[in-house]
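S.K.: Residue numbers (this note's numbering), protein chains in the order written: chain Y, 1 to 116; chain X, 117 to 226.
Since the hints were derived computationally from the structure, they do not count as laboratory data. Don't take each hint at face value.
What follows is a list of derived Cβ distance ranges for each label pair [stated by the list, open to error]:
1. Y:G14 - X:P226: 40 to 48 Å
2. X:N157 - Y:Q82: 28 to 36 Å
3. Y:H77 - X:S143: 32 to 40 Å
4. Y:P8 - X:A218: 25 to 33 Å
5. X:E187 - Y:H77: 38 to 46 Å
6. X:S142 - Y:R30: 39 to 47 Å
7. Y:K22 - X:T167: 28 to 36 Å
8. X:Q118 - Y:T16: 22 to 30 Å
9. Y:H10 - X:A133: 34 to 42 Å
10. Y:K41 - X:I176: 22 to 30 Å
11. X:I176 - Y:S98: 24 to 32 Å
Below are the DSBU-like pairs computed for lysine-lysine, each with C-alpha atoms no more than 35 Å apart in a straight line [what the hints assert, rightly or not]:
12. X:K165 - X:K225
13. Y:K22 - X:K174
14. Y:K9 - Y:K22
15. Y:K40 - X:K184
16. Y:K9 - X:K165
Keep in mind the model is a prediction, meaning the values are calculated, not measured. The C-beta atom is built at its ideal place from N, Cα and C for all residues, glycine as well.
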Amino acid sequence: DTEVTQTPKHLVMGMTNKKSLKCEQHMGHRAMYWYKQKAKKPPELMFVYSYEKLSINESVPSRFSPECPNSSLLNLHLHALQPEDSALYLCASSPRWSREDNSPLHFGNGTRLTVT
Amino acid sequence: AQSVTQLGSHVSVSEGALVLLRCNYSSSVPPYLFWYVQYPNQGLQLLLKYTTGATLVKGINGFEAEFKKSETSFHLTKPSAHMSDAAEYFCAVRDNDMRFGAGTRLTVKP
Numbered sequence: 001d002t003e004v005t006q007t008p009k010h011l012v013m014g015m016t017n018k019k020s021l022k023c024e025q026h027m028g029h030r031a032m033y034w035y036k037q038k039a040k041k042p043p044e045l046m047f048v049y050s051y052e053k054l055s056i057n058e059s060v061p062s063r064f065s066p067e068c069p070n071s072s073l074l075n076l077h078l079h080a081l082q083p084e085d086s087a088l089y090l091c092a093s094s095p096r097w098s099r100e101d102n103s104p105l106h107f108g109n110g111t112r113l114t115v116t
Numbered sequence: 117a118q119s120v121t122q123l124g125s126h127v128s129v130s131e132g133a134l135v136l137l138r139c140n141y142s143s144s145v146p147p148y149l150f151w152y153v154q155y156p157n158q159g160l161q162l163l164l165k166y167t168t169g170a171t172l173v174k175g176i177n178g179f180e181a182e183f184k185k186s187e188t189s190f191h192l193t194k195p196s197a198h199m200s201d202a203a204e205y206f207c208a209v210r211d212n213d214m215r216f217g218a219g220t221r222l223t224v225k226p
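Start from the sequences, fold in the hints, and give me the full structure.
M.R.: Structure below.
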């Protein structure tokens, strides 16, 4: 059982659609992350939220819009995506976002996104 | 920035044989190192972590890793492979956020 829950598990969308990915954790973690993982590649960091504030945006195109409504929820809003955006999108959380924090990240099972 | 390098994108072993997956880190300060496993169509599951202290770290599913500062290595081992160990393995370093190596796919032959 994963302590980070992502919905939906699978999503197929057209290039003109608007959709959202959702992530939820109830471990009291104050750092939440979005990663993108292409086939046979490692996860690549997209965004980091610390205490509900965006702390890192790894030069992600604006067609990806993150949102952190509260400390337990993380959304990723998708609009006008391209076929090359098809990937596994992973959400993760950790107690804090800090160089002194040696905690592991807890990952959800991801959303498999296909853009047609 | 800290980074990790995994040597070998694919490792194949026979069931019951020793598993050795290699990871080297690049860091000017003591790093926080992790091994994760990813089964098909799933997220990443933590196997073990090194922060400070004991250099031999035991994890889940019979895996362990040894931190060797002199070699800047953090290799993952398991004495006897099982078919269920077939998966993708990622070495990672935490420096604020988590950065991953390229991954090693482990295949276990019957």
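S.K.: Just tell me: holds or violated, for the beta carbon distance of S142 (chain X) and R30 (chain Y) against 39 to 47 Å?
M.R.: violated (28 Å)
S.K.: Below or equal to 35 Å on CA atoms is what counts here, so check K9 (chain Y) against K22 (chain Y).
M.R.: holds (10 Å)
S.K.: Are K22 (chain Y) and K174 (chain X) close enough, with their CA atoms no more than 35 Å apart?
M.R.: holds (34 Å)
S.K.: Should the hint that N157 (chain X) and Q82 (chain Y) are 28 to 36 Å apart at their CB atoms be regarded as holding?
M.R.: Given range 28 to 36 Å: violated, Cβ gap about 23 Å.
S.K.: CB of K22 (chain Y) to CB of T167 (chain X), is that within 28 to 36 Å?
M.R.: Roughly 31 Å apart at Cβ, these two residues keep to the hinted range, so it holds.
S.K.: Given a hinted range of 22 to 30 Å, is it respected by the beta-carbon distance of Q118 (chain X) and T16 (chain Y)?
M.R.: violated (41 Å)
S.K.: Does the Cβ pair G14 (chain Y), P226 (chain X) satisfy 40 to 48 Å?
M.R.: holds (43 Å)
S.K.: Does 34 to 42 Å hold as the CB distance between H10 (chain Y) and A133 (chain X), or does it fail?
M.R.: Check passed, 36 Å falls within 34 to 42 Å.
S.K.: Below or equal to 35 Å on CA atoms is what counts here, so check K40 (chain Y) against K184 (chain X).
M.R.: Between K40 (chain Y) and K184 (chain X) the Cα gap is close to 28 Å, so the pair holds against 35 Å.
S.K.: Could one say that the CB atoms of P8 (chain Y) and A218 (chain X) fall in the range 25 to 33 Å?
M.R.: holds (28 Å)
S.K.: Does the Cβ-Cβ separation between I176 (chain X) and S98 (chain Y) fall within 24 to 32 Å?
M.R.: For I176 (chain X) and S98 (chain Y) the Cβ distance comes to about 25 Å; the hint holds.
S.K.: Cβ-Cβ distance between H77 (chain Y) and S143 (chain X): within 32 to 40 Å?
M.R.: holds (35 Å)
Checked against the numbered hints given earlier, this structure breaks hints 2, 6 and 8; the rest are met.
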